[in-house]
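2 protein chains.
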Amino acid sequence: MFSFQNKDFHVGILGGGQLGRMLIQSGIDLDVSFKVLEPDANAPCSKLIEKFTVGSLSDYETVLNFGNSCDIITIEIEHVNVEALLTLNNNGKKVFPYPQTIQLIQDKGLQKQFYKENGIPTAPFQLIEGLESLMNQDLTYPFVHKIRKGGYDGRGVNVIKNQDELKNSFTEPSIIEDFIPFEKEIAVIVARNESGEIKTFPAVEMVFHPTANLVEYLFSPAQISEEIAQKASEIATQIAKKLPLVGILAVEMFLTKDQRLLVNEMAPRPHNSGHQTIEGNLTSQYQQHLRAILNLPLGETDIVLPSAMLNLLGEENHQGEALTIGLKDILAIKGVYPHFYGKKTTKPFRKMGHVTIVDENIESLKEKVNFVKRTLKIISNK
Amino acid sequence: MFSFQNKDFHVGILGGGQLGRMLIQSGIDLDVSFKVLEPDANAPCSKLIEKFTVGSLSDYETVLNFGNSCDIITIEIEHVNVEALLTLNNNGKKVFPYPQTIQLIQDKGLQKQFYKENGIPTAPFQLIEGLESLMNQDLTYPFVHKIRKGGYDGRGVNVIKNQDELKNSFTEPSIIEDFIPFEKEIAVIVARNESGEIKTFPAVEMVFHPTANLVEYLFSPAQISEEIAQKASEIATQIAKKLPLVGILAVEMFLTKDQRLLVNEMAPRPHNSGHQTIEGNLTSQYQQHLRAILNLPLGETDIVLPSAMLNLLGEENHQGEALTIGLKDILAIKGVYPHFYGKKTTKPFRKMGHVTIVDENIESLKEKVNFVKRTLKIISNK
Numbered sequence: 001m002f003s004f005q006n007k008d009f010h011v012g013i014l015g016g017g018q019l020g021r022m023l024i025q026s027g028i029d030l031d032v033s034f035k036v037l038e039p040d041a042n043a044p045c046s047k048l049i050e051k052f053t054v055g056s057l058s059d060y061e062t063v064l065n066f067g068n069s070c071d072i073i074t075i076e077i078e079h080v081n082v083e084a085l086l087t088l089n090n091n092g093k094k095v096f097p098y099p100q101t102i103q104l105i106q107d108k109g110l111q112k113q114f115y116k117e118n119g120i121p122t123a124p125f126q127l128i129e130g131l132e133s134l135m136n137q138d139l140t141y142p143f144v145h146k147i148r149k150g151g152y153d154g155r156g157v158n159v160i161k162n163q164d165e166l167k168n169s170f171t172e173p174s175i176i177e178d179f180i181p182f183e184k185e186i187a188v189i190v191a192r193n194e195s196g197e198i199k200t201f202p203a204v205e206m207v208f209h210p211t212a213n214l215v216e217y218l219f220s221p222a223q224i225s226e227e228i229a230q231k232a233s234e235i236a237t238q239i240a241k242k243l244p245l246v247g248i249l250a251v252e253m254f255l256t257k258d259q260r261l262l263v264n265e266m267a268p269r270p271h272n273s274g275h276q277t278i279e280g281n282l283t284s285q286y287q288q289h290l291r292a293i294l295n296l297p298l299g300e301t302d303i304v305l306p307s308a309m310l311n312l313l314g315e316e317n318h319q320g321e322a323l324t325i326g327l328k329d330i331l332a333i334k335g336v337y338p339h340f341y342g343k344k345t346t347k348p349f350r351k352m353g354h355v356t357i358v359d360e361n362i363e364s365l366k367e368k369v370n371f372v373k374r375t376l377k378i379i380s381n382k
Numbered sequence: 383m384f385s386f387q388n389k390d391f392h393v394g395i396l397g398g399g400q401l402g403r404m405l406i407q408s409g410i411d412l413d414v415s416f417k418v419l420e421p422d423a424n425a426p427c428s429k430l431i432e433k434f435t436v437g438s439l440s441d442y443e444t445v446l447n448f449g450n451s452c453d454i455i456t457i458e459i460e461h462v463n464v465e466a467l468l469t470l471n472n473n474g475k476k477v478f479p480y481p482q483t484i485q486l487i488q489d490k491g492l493q494k495q496f497y498k499e500n501g502i503p504t505a506p507f508q509l510i511e512g513l514e515s516l517m518n519q520d521l522t523y524p525f526v527h528k529i530r531k532g533g534y535d536g537r538g539v540n541v542i543k544n545q546d547e548l549k550n551s552f553t554e555p556s557i558i559e560d561f562i563p564f565e566k567e568i569a570v571i572v573a574r575n576e577s578g579e580i581k582t583f584p585a586v587e588m589v590f591h592p593t594a595n596l597v598e599y600l601f602s603p604a605q606i607s608e609e610i611a612q613k614a615s616e617i618a619t620q621i622a623k624k625l626p627l628v629g630i631l632a633v634e635m636f637l638t639k640d641q642r643l644l645v646n647e648m649a650p651r652p653h654n655s656g657h658q659t660i661e662g663n664l665t666s667q668y669q670q671h672l673r674a675i676l677n678l679p680l681g682e683t684d685i686v687l688p689s690a691m692l693n694l695l696g697e698e699n700h701q702g703e704a705l706t707i708g709l710k711d712i713l714a715i716k717g718v719y720p721h722f723y724g725k726k727t728t729k730p731f732r733k734m735g736h737v738t739i740v741d742e743n744i745e746s747l748k749e750k751v752n753f754v755k756r757t758l759k760i761i762s763n764k
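Which chain is which? The protein sequence lines are A and B, in order. Everything in the first sequence is counted per this note's numbering, starting at 1 for the first residue and increasing by one. Everything in the second sequence is counted per this note's numbering, starting at 383 for the first residue and increasing by one.
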């Protein structure tokens with residue numbers, strides 16, 4: 001009889017970073033076996049599983065061969081060779097998210113068209129062939145300029161305030177978007193399993209630093225009205241149905257000052273905006289993704305305790321062998337959960353881990369966030 | 383600078399079963415590296431780490447060599463070569479729990495004497511050299527007959543109701559104990575780190591089947607008065623101080639019908655009575671054990687949600703390649719967390735995994751326990 005617990009059954013993950021690492025962690029208790037394809041031999045998954053293959057995610061043959069050795073293929077990063085996934089899928093291999101969905105996500109132009117065609121609210125936009133065609137237009141500043149392909153973690157997005165800035169912006173195929181002065185930025189993770197069951201996680205909120213224009217931490221649940229929370233969940237559900245989706249999808253949205261929700265971006269995989277679900281919710285985003293792609297019933301996503309999530313970035317001016325300072329101090333605080341990604345070398349702003357903090361009391365939660373933020377540091381070992 | 387996150391730093395675990403497996407799982411987020419020594423090449427830890435050594439836990443040289451390759455040594459089973467651990471400890475190696483504590487635990491006679499000498503309440507007892515010396519005594523039936531060394535998971539304990547039963551009991555050095563008609567059996571896990579910080583987990587209760595005399599499931603928190611809970615915590619703390627202890631210690635106690643607490647047994651390692659802490663408490667017993675032996679601040683042990691824990695045993699009359707049935711049905715229930723130990727073959731009553739169930743409502747929690755109990759089964763794949 002067939003079972004995903006059979007020793008020969010493998011879930012293949014394209015990418016071996018922290019998202020893959022946490023996905024593997026959440027599969028241990030279900031007794032799921034994994035294989036990973038990843039270019040960096042020292043990536044976070046490398047010490048966690050035996051079947052770790054070093055190879056390019058963008059090479060057709062490499063992805064095809066890897067996929068053929070697995071029973072289900074999933075991703076932890078979008079920048080993969082979709083042609084290989086299409087071939088695998090055409091040959092009957094289960095690929096979740098579907099290759100067509102990955103293709104859509106890889107291209108912000110296609111993403112925006114998808115929103116438009118399906119009545120998903122999003123900021124007005126225009127597809128741009130190159131910088132020249134843009135120069136000839138009558139433009140209203142500021143606006144947002146994004147490359148269609150290859151952006152990641154903030155790279156590939158510019159806010160353009162005047163023509164000089166535009167001259168130095170991207171020359172690749174791109175989109176321009178209205179600049180949205182938003183009140184909050186929120187995210188909803190939605191899951192859909194192969195049978196079509198759909199569940200959303202309660203919305204989380206990116207909390208910005210009061211003076212610097214930076215996401216300081218993430219807060220769950222988002223401090224928004226029940227009505228807006230409901231609306232956000234409906235939008236994410238609508239997207240999951242239209243894509244179609246198998247797996248999880250993180251949907252980032254702006255809540256505008258006039259209380260409209262506009263979808264900004266999405267990612268069909270575990271996402272930075274869902275880390276805190278490990279401690280804060282009944283089911284984690286990682287467990288939910290596994291359940292979805294293995295076609296198991298989805299877990300309930302209720303919040304157990306309010307939580308906050310801080311990314312742990314390599315300190316500026318520190319490069320080399322990583323050293324954690326302040327760990328004992330933060331572990332002495334109730335409800336603080338550090339997650340290190342096993343990266344042995346640090347560099348400025350490298351994501352070295354994250355910390356989840358839970359607390360019934362919102363004010364005390366915020367105080368703990370500030371304490372952890374100024375106490376826990378990754379420096380280089382000199 | 384020294385750190386347990388250095389790639390060359392290893393925590394060595396004697397034993398590679400499910401307790402070691404969950405200990406390793408809880409170390410991933412702290413970025414701790416482990417080595418395991420275990421006689422069974424297919425044990426639950428075997429797929430989880432690279433540095434898995436197949437070897438005897440009772441052989442002096444094997445344990446000594448393994449220990450010398452580690453920075454801290456701990457156990458997940460008491461039946462190990464203590465002489466090797468004493469040598470390692472004398473040579474300056476950190477061994478937690480201390481070898482002297484393991485020695486005490488290995489011998490139920492020494493354990494009982496320890497309780498007596500330190501004013502820890504326990505059932506009256508007598509050390510017995512052999513069956514013959516027992517036969518010549520004037521005995522009151524029923525009483526409990528236990529072998530001093532080598533008992534495990536119920537083996538090595540007989541309730542003796544008459545002289546015929548006594549004739550067929552153990553001939554090894556043993557103890558006899560008054561038979562205690564108890565109201566409840568509870569357990570408290572206590573942790574002490576190297577710096578001397580001590581914390582206890584809220585007591586849990588073994589719930590017995592109404593007709594069969596069997597532990598049906600474990601319930602957290604124990605349904606006992608605040609006063610008894612406090613007393614149980616004090617007893618565990620007293621033991622942790624007297625042993626002395628570094629690591630965690632599970633203390634099983636009887637609550638007698640006249641509301642006295644008597645210590646039955648203890649184990650200086652993660653324990654079956656603490657599995658539910660993974661989901662049910664702010665800190666798990668595994669995380670707490672790691673924090674204690676790494677001399678990190680201990681975590682708070684507050685209950686997040688009431689929980690129950692069911693052992694998942696191999697079905698009777700089933701032997702061979704394991705197959706799980708009913709998994710989808712139980713995953714459809716809110717707050718149900720199966721933990722499979724990665725054992726690919728089953729046999730009757732083999733511990734194949736456990737299930738934790740959380741629910742705010744006690745009645746609904748009990749209903750879920752019954753549903754999981756009759757639904758989830760491990761059979762052989764035919």
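No lab work stands behind these hints: they were computed from the structure. Any given hint might turn out to be false.
Claimed, not checked - For lysine-lysine, the following DSSO-like pairs were computed, each having C-alpha atoms within a straight-line distance of at most 27 Å:
{"#": "1", "chain 1": "A", "residue 1": "Lys-35", "chain 2": "B", "residue 2": "Lys-726"}
{"#": "2", "chain 1": "B", "residue 1": "Lys-429", "chain 2": "A", "residue 2": "Lys-47"}
{"#": "3", "chain 1": "B", "residue 1": "Lys-759", "chain 2": "A", "residue 2": "Lys-7"}
{"#": "4", "chain 1": "B", "residue 1": "Lys-433", "chain 2": "A", "residue 2": "Lys-7"}
{"#": "5", "chain 1": "A", "residue 1": "Lys-344", "chain 2": "B", "residue 2": "Lys-417"}
{"#": "6", "chain 1": "A", "residue 1": "Lys-328", "chain 2": "B", "residue 2": "Lys-623"}
{"#": "7", "chain 1": "A", "residue 1": "Lys-93", "chain 2": "A", "residue 2": "Lys-116"}
Unchecked claim - Rough simulated footprint, nothing fancy, chain A against chain B, three-plus residues with beta-carbon under 8 Å:
{"#": "8", "stretch": "428 to 434"}
{"#": "9", "stretch": "720 to 728"}
Said to hold, decoys possible - Short derived list, chain B residues pointing at chain A, Cβ under 8 Å:
{"#": "10", "residue": "Lys-389"}
{"#": "11", "residue": "Asp-390"}
{"#": "12", "residue": "His-392"}
{"#": "13", "residue": "Gln-407"}
{"#": "14", "residue": "Asp-411"}
{"#": "15", "residue": "Leu-412"}
{"#": "16", "residue": "Asp-413"}
{"#": "17", "residue": "Arg-673"}
{"#": "18", "residue": "Leu-678"}
{"#": "19", "residue": "Thr-683"}
{"#": "20", "residue": "Leu-705"}
{"#": "21", "residue": "Gly-708"}
{"#": "22", "residue": "Ala-714"}
{"#": "23", "residue": "Lys-716"}
{"#": "24", "residue": "Leu-758"}
Everything numeric in this text was worked out from a predicted model, so none of it was measured. Ideal placement from N, C-alpha and C gives every residue a C-beta, glycine not left out.
Practice item. Compare the distance between the alpha carbons of Lys-93/A and Lys-116/A with 27 Å, and conclude whether the hinted pair is satisfied. Key: It is violated: about 31 Å lies between the C-alpha atoms, which goes past 27 Å.
Check your understanding: With a cut-off of 8 Å, does the beta carbon of Asp-413/B approach a beta carbon of chain A closely enough for the hint to hold?
Key -> Hint on Asp-413/B: holds, closest Cβ of chain A at ~4 Å, below 8 Å.
Check your understanding: Measuring from the C-beta of Leu-758/B to each C-beta in chain A, is the shortest one below 8 Å?
Key -> violated (13 Å)
**Study point:** Proposed interface contact between Gly-708/B and chain A, which counts if any beta carbon pair is under 8 Å
**Key:** Since the shortest Cβ distance to chain A is 12 Å, the answer is violated.
Point to revise | Distance restraint between Lys-344/A and Lys-417/B, which requires alpha-carbon spacing of 27 Å or less | key: holds (19 Å)
**Study point:** Outcome, coverage of the stretch 428 to 434 of chain B by chain A - at least 3 residues whose beta-carbon is closer than 8 Å to one in that chain
**Key:** holds (count 3)
Review point. Are 3 or more residues of the stretch 720 to 728 of chain B near chain A, judged by a Cβ distance of less than 8 Å?
Key: holds (count 6)
Check your understanding: Can we keep the Asp-390/B interface hint, with Cβ of chain A closer than 8 Å?
Key -> violated (11 Å)
Review point. Holds or violated: is the Cβ of Arg-673/B closer than 8 Å to a Cβ in chain A?
Key: holds (7 Å)
Review point. CA of Lys-759/B to CA of Lys-7/A, is that 27 Å or under?
Key: holds (18 Å)
Point to revise | Leu-705/B as an interface hint toward chain A, with CB separation required under 8 Å | key: With a closest approach of 6 Å, the Leu-705/B hint holds.
Practice item. Report holds or violated for the interface hint on Ala-714/B, using the least CB-CB distance to chain A and a cut-off of 8 Å. Key: Where the cut-off is 8 Å and the nearest Cβ of chain A is about 4 Å from Ala-714/B, the hint holds.
In the structure shown, a violation is registered for the earlier hints numbered 7, 11, 12, 19, 21 and 24, in ascending order.
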